[in-house]
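With our numbering applied, the sequence shown covers 4 to 79.
Keep in mind that the hints were calculated from the coordinates and are not lab data.
Note that the coordinates shown come from a computational prediction; the quantities given were computed from them, not determined experimentally.
Among these hints, one or two may not hold up.
Computed cross-link-like contacts, PhoX-like style, restricted to lysine-lysine with a CA-CA straight-line distance of at most 20 Å [said to hold, decoys possible]: (1) Lys19 / Lys76; (2) Lys45 / Lys6; (3) Lys76 / Lys45.
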Amino acid sequence: MRKIQILGPGCPKCRKLAANAEEAAQALGIEYDLEKVTAIDKIMAFGVVMTPGLVIDGEVRATGKVPSVEEIKGMF
Numbered sequence: 004m005r006k007i008q009i010l011g012p013g014c015p016k017c018r019k020l021a022a023n024a025e026e027a028a029q030a031l032g033i034e035y036d037l038e039k040v041t042a043i044d045k046i047m048a049f050g051v052v053m054t055p056g057l058v059i060d061g062e063v064r065a066t067g068k069v070p071s072v073e074e075i076k077g078m079f
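Using the sequences provided together with the hints, build the complete structure.
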């Protein structure tokens, strides 16, 4: 099971990133657990200063933007 974390305060971009990540994982048939990380100290612990952020299996894959579903597929 893959762990997907969305870093951000729950803004519209954060919600779009979560939706894109879920769509990408489902399209690839990947089992995943999605966690939304909203606490600033936990976001900063990843070294992320611009949200939204995408973390897959503990590795920061994107910050400050919303990658497309196709881009996220390539991150798995």
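Earlier hints that do not hold, by number: When the structure is compared with the hints, only number 3 turns out to be violated.
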